[in-house]
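> Chain by chain, the residues:
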Amino acid sequence: MNNPVAVLLLMLLLAGCAPHYSLVAPGEVSAQGLTLELSKPWNKSPFSPGPRVALWTRDGEVLNQLFVIGDLNEGESLFKSPSKEVAMPTFSADMLPNELVDLTVTSLKLLYGGELTVTASNLRPQTVSGGMGFRFKLAHYTREGLYREGDVLARVDGDRLYMVIFVAAKTHYYPSQLAEIERLFETARITPTKGKG
Amino acid sequence: MPVQIRYLAITALMLGALGAMGADYAPDFDPDYRPVPSSDEGGLWYRVDKLEADVRNSPHRVRDTELNDYLAAMVCALAGDFCSSIRVYLIDNPHFNASMAPNGMMLVHTGLLLRVEDEAELAAVLGHEIAHFLRSHQIKQWRNLRDSAASAVWIDVGLVMFTGIYGLAQMSTVGAALSYNRDQEREADLYGLQLLAASGYDPGAAPRLWTAIAEERALDASKESRNPFFATHPTAEDRQQTLHRAALAYGDHRPDGAAGELRAMLAPHYFAFMRGHLQLQEYEQTEYLLGKHRRLGYPEGQVAFFTGELHRLRKAEGDGDKAIAAYSRALQLPDPPPDAYRELAYLKLKDNAAPEALQLFQRYLAAHPDATDKAMIDYYIESLGTQIHE
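Chains as they are written, first to last, in the numbering used here: chain D, 1 to 197; chain L, 198 to 587.
The hints are all genuine.
Derived, one-sided and incomplete: chain D residues facing chain L with beta-carbon distance under 8 Å: (1) 96; (2) 98; (3) 102; (4) 105; (5) 106; (6) 121; (7) 141.
Capping the alpha-carbon separation at 27 Å, the derived lysine-lysine pairs in DSSO-like fashion look like this: (8) L:571 to D:137; (9) L:489 to L:512; (10) D:170 to D:137; (11) L:547 to L:519; (12) L:512 to D:137; (13) D:80 to D:137; (14) D:137 to D:40; (15) D:170 to D:44; (16) D:170 to L:247; (17) D:84 to L:512; (18) L:337 to L:247; (19) L:512 to D:80; (20) L:547 to D:137; (21) L:547 to L:512; (22) L:571 to L:547; (23) D:170 to L:571; (24) D:40 to D:170; (25) L:519 to L:489; (26) D:44 to D:137; (27) D:44 to D:80.
I should point out that these hints are in silico values taken from the structure, not numbers from a laboratory.
Bear in mind that the values here come from a model prediction, so they are computed numbers and not experimental data.
Quick reminder that beta carbons are idealized off the backbone N, C-alpha and C, glycines included.
Sequences are here, hints too, so could you generate the full structure?
Have a look at this one:
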């Protein structure tokens with residue numbers, strides 16, 4: 001191809017096709033029916049694992065992930081199944097905390113290919129957006145052997161599930177972001193998206 | 198069946214049986230063999246040695262000494278003079294699998310241990326993997342792929358001039374490579390059977406295991422590739438039939454399969470291994486396995502608890518009542534998992550049976566005072582207490 005304009009157009013076209021991360025600036029941010037107060041910037045991943053999920057990271061998805069899940073209706077799953085052979089578990093509005101823990105753990109395990117052992121602990125009540133919710137801790141090793149820990153905040157409101165999942169490498173990333181996540185959990189507000197469902 | 202097809206089927210059966218009876222496999226190399234580092238095989242071993250260093254330090258290994266020693270002793274019994282050439286690593290993975298690397302690294306998944314009925318069935322799989330190693334299957338496969346890909350490029354260069362289409366011959370190498378793979382699997386099955394018999398195990402254990410695997414897989418059709426062109430392994434049914442014919446050639450040989458030894462070795466780990474399997478959501482397979490475990494005498498309270506978990510998580514018609522019955526049964530048996538109290542309490546809570554739920558939550562905390570979800574349970578104990586007294 002010896003036409004420089006055509007080459008330039010082709011390059012622009014290819015660059016436009018490449019998926020890219022977009023900045024989530026600090027301040028009040030609404031995502032998936034949740035309003036969160038961010039003290040630091042995040043990066044929104046172009047690879048959303050589900051239609052009701054916004055996936056953010058600060059340093060790369062292996063090092064830290066923040067899943068913001070909301071407006072999830074009865075019968076919907078947290079994530080899209082990565083394989084047609086694997087059916088994701090689905091949410092139902094009458095689920096008690098133990099079932100929502102199972103839903104989260106199994107969904108994450110299947111999202112990561114079904115090979116990892118994801119464990120949950122420290123389930124406890126937590127006020128979320130002025131109502132009764134709960135939170136718990138997560139832990140798992142990645143396939144490559146990196147140990148990650150996490151925290152989950154959840155509440156069922158108006159028959160819909162709202163959840164924030166934070167998972168980060170135990171070395172440095174988890175402890176250094178924990179205070180920020182605690183504040184994010186405390187200030188999370190449910191602001192349902194109208195017309196979804 | 199038309200005569201022609203019947204004739205072909207009988208011929209195929211005879212060829213299979215003759216092949217099996219005539220099978221007398223030998224290793225491709227001497228014990229303690231290491232390839233020359235500058236060779237293609239030396240390069241392959243070098244890469245896999247590095248991979249093994251990662252596996253050795255992997256957090257996904259089950260490190261229990263007794264269980265690892267048990268597996269290593271079985272491998273030694275099967276591999277004979279090649280004992281020191283093979284290292285076994287037990288991996289925490291609930292899928293049915295085991296694999297062999299060209300340098301002698303064997304990986305065994307915990308999902309395999311959940312499926313074998315006795316030591317002989319476990320030995321059948323270990324023997325199959327050892328056979329892959331002794332016959333240098335991976336380097337042969339690599340060389341086959343390299344040579345066929347190279348010739349395909351030349352054929353394609355010729356074809357493109359006549360057809361204008363490039364890549365036809367290379368495309369055909371995919372099917373050929375997979376077919377080669379299936380042939381190696383069949384050879385490993387038959388050589389594995391030979392090792393099984395030579396070690397004093399019942400060769401009939403191999404077809405028995407594949408019968409069970411075929412039954413389990415039939416419960417979930419999505420888990421077996423139905424397109425024979427793209428299959429890397431023969432189907433479970435094919436393997437069962439081939440092994441059954443071949444095992445007959447070893448005569449009527451039915452020593453004790455050592456089910457008791459295997460069960461005693463696995464019992465302390467049963468809870469952890471089975472919990473991982475439940476998370477796969479393969480409920481029909483889990484149900485099949487629990488039926489097997491009940492029959493084999495695994496810890497009764499735990500089997501009943503996992504039956505409760507299966508029904509609670511599956512949520513099919515009638516599963517709620519079945520879950521309650523299974524947890525209640527677990528709590529009547531010796532040493533039930535404390536989680537049985539908690540899960541039954543949550544189900545009673547859903548059924549608005551507040552006094553029963555309260556009592557079960559209290560019994561959960563009494564049985565498991567260090568429970569990390571104590572704050573959540575305390576919340577329910579307090580709110581149920583208030584509700585009952587109002």
